[in-house]
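Asks: Each chain, letter by letter, is given below.
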Amino acid sequence: MTRRTTSPESQRPARRGARASQVGLESRTRAWLRHHRAMWLDSAQRLAKRPLSSLLTMLAIAIALVLPSGLWLALDSARLLDAELDESATVTVYLDTRLDERAAMDVAARLRDQAPVAGARLVTAAEGLAEFQQGVGLEDALASLEDNPLPAAVVVTPADTDPDSVRVLASNLEAVDGVDEARVDLAWLERLRRLAELGQRLALALAGLFGLGVLLVVGNTIRLAVESRRQEIEVVTLIGATHAFVRRPFLYSGAWYGLGGGVLAIVLLVLGGHWLSAPVTALAESYGAHFTLPRLGLKGSVLLCFCSTLLGWLGAWLAVGRHLADIKPR
Amino acid sequence: MIVFEHVGKRYGGRSEALADINFRVGRGEMLFLTGHSGAGKSSLLRLIMRLEKPSRGRVLVAGHDLDRFHLSQIPYYRRQIGVVFQDHQLLFDRSVFANVALPLEIQGVEPRESARRVRAALDKVGLLYRETALPIELSSGERQRIGIARAVVNKPSLLLADEPTGNLDPQLSTDIMRLFEDFNRIGTTVMVASHDLALITRLRHRVLRLREGRLVGDEEAT
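Protein chains in written order, with my numbering: chain A, 5 to 334; chain B, 160 to 381.
Don't read these hints as lab results, they were simulated from the structure. Note that the structure is a prediction, hence the values are computed from the model and not measured. For every residue, glycine included, the Cβ atom is placed at its ideal position computed from N, Cα and C. Certain hints may be false.
[As the list claims (entries may be wrong)] Covered by chain A, according to a simulated footprint, are these stretches of chain B (three or more residues, beta-carbon under 8 Å):
#1 250-263
#2 266-273
#3 316-324
Build out the structure end to end from the sequences listed, making use of the hints.
Replies: Shown next as C-alpha cells:
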C-alpha cells in the first residue's frame, strides 16, 4: 500500500479518475460515437468479406419484401382507378321516346336544377345513335332502321358520389316529368371497392407475415454470426464489455442485411414493373383506359429501405438478446 | 483488497465446490492459490470476477460487496480486474496490437492514448516488436505474455491469473512469474492460481492451499 502511493505509476489511475469525472460525459459520448462508427464499418466489412452468403441473405429478405410491397403498389393503383371511377359515377336518365329535341332540352334543364346534381349533359337521340354506331360497329344494321330506336338521355353527375345518396337521387330523378327511367349501376363499383379493401387487408397480412419472415431470416443469420464469434463474446464479456457493446456489431450487421434486402427489393420491383408494364398497358387499352403501373417513387423507396433496415435491426436485436443469455464465459 | 467471509459455492445438487472459505488479501499483496485440479481454484477466481455468485457468505473486493452489484454494474467492475487465462484467450482474427487494445476499446479510451498504453504494455512483456503479428504466429510462451499485456493494459488494481503457466516449460514459467512480480512491485495486487508447487515454493509468496473446496492452508510469504 505504501509502495502504491509513492510510485509514479500507481498515481496514474487516481489522476485518470479525476480527469474522467471532469470530462466524463463528453468523452464517453465521443467514445460511444467512435465505437458506433467502428462497428458500422466493421460489420459492413464482415459482410463484404463473404459476398455470396451476404447477398443470398439479402436476396431472401428482398423476396420477402417484394410480395407485400408489390401488392401494396397494385392496390395503390386500384385506388387511383377508384378515384377516377368516383367521378364517373353518373346516373343515366332515359327520357320518354316521344319527346322531341326541344322538350328533351327542357327536361335536361329541369334535371340540372335538382338539388344534389353537379351537372347534366343531354345526349340527344341522334347523338346517342352516332355513339352507338361508333362503339358497336353495327353501322350497316343500324342504318337500315327507318327510325332511331334510341331515346334521348341525360347524363347526370351527382354532387354526392356516395352510393346510397346516388340511389336516392336516381329515384328522385325518375319522378321528374318526361323521364322514362333513371339507371344507376353501382353494384360493380361497390364490388370493386370491396375487392380493394380485401386486397388491402391481404397486403397487410402478407406484410406482417413476410415481415416476420425477414425477422427470422436475419435472426437466423445473426444467430450463426453470434455462434461463430462466441469466443470473442466470452472474452470481451470477461474483460468488462457491456451488453450494449457486445450487441452493437450484430445490430449493425442486421441493419446492413435489412438495408441490402430493401435495396434489392426495390431493384426487383423496378424490374418486375418493367416486365409487367407492356401487357398491363395493352390490357388497359383494350378496355379503352389509360393505365400505367405505378412506380415506387423516391418516397416509397426510402420508406421501404427504412422499414427493411428497421426489420433487420430488430431481427438482430432479438437474436442477439436471445443468444447472449446462453453465452456465459467458462 | 479481497475479503472472503464464510463463502460456500454449490453447483446444482453436487457436493460443495467451495465450503466456508475465509481469507483476506491486502492491497498490493501477491499470493498463490494452489491445490489439485478440482480443488476449487477456478471457482474461487470466478467468484472474484463475479462470473458467479456464492451460494453462501460474502465476497468483497475493493470494499464492494459483489452480491450487491446490479447486473449492469458488473462490466464496470470487471474493468478494474486484469485476468490472465491458462489458454490465454486471445482472438485469432486480429493482430497482437488489437488484442491488447481490446480492454481499452471496451472502455472507450481515445485511440492515440490507447496506442500509447498498448505499446507500453507490450514493451513491458518484451513483445513490442511483435505488435503487428497475428497470435497464430506466436509461440505459446509469447501468447501467454500477450495475454498478460492485455490483462495489465488498463492498469488494473487487481490481477488474477488462472494457471498462467499450465502449458509452459519451467524456464518460460519462471519468466511469466517474474512478470507478475514486476507488476506487483508497482502496486498491483496479484493472485495466481497454480498447481506448480515447485515454482510456487521457489518464489516465496503467500500461498492459499485448497483441498476439496476447503481452505487447508494459508502460508505467509517467507
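Asks: Quick check: do three or more residues in the stretch 250-263 of chain B have a beta carbon closer than 8 Å to a beta carbon of chain A?
Replies: holds (count 4)
Asks: Please check whether the stretch 266-273 of chain B has three or more residues whose CB lies within less than 8 Å of a CB on chain A.
Replies: holds (count 5)
Asks: Closer than 8 Å Cβ to Cβ for three or more residues is the test here. Does the stretch 316-324 of chain B pass it with chain A?
Replies: violated (count 1)
Going through the hint list in order, the structure does not satisfy hint 3, though it satisfies all others.
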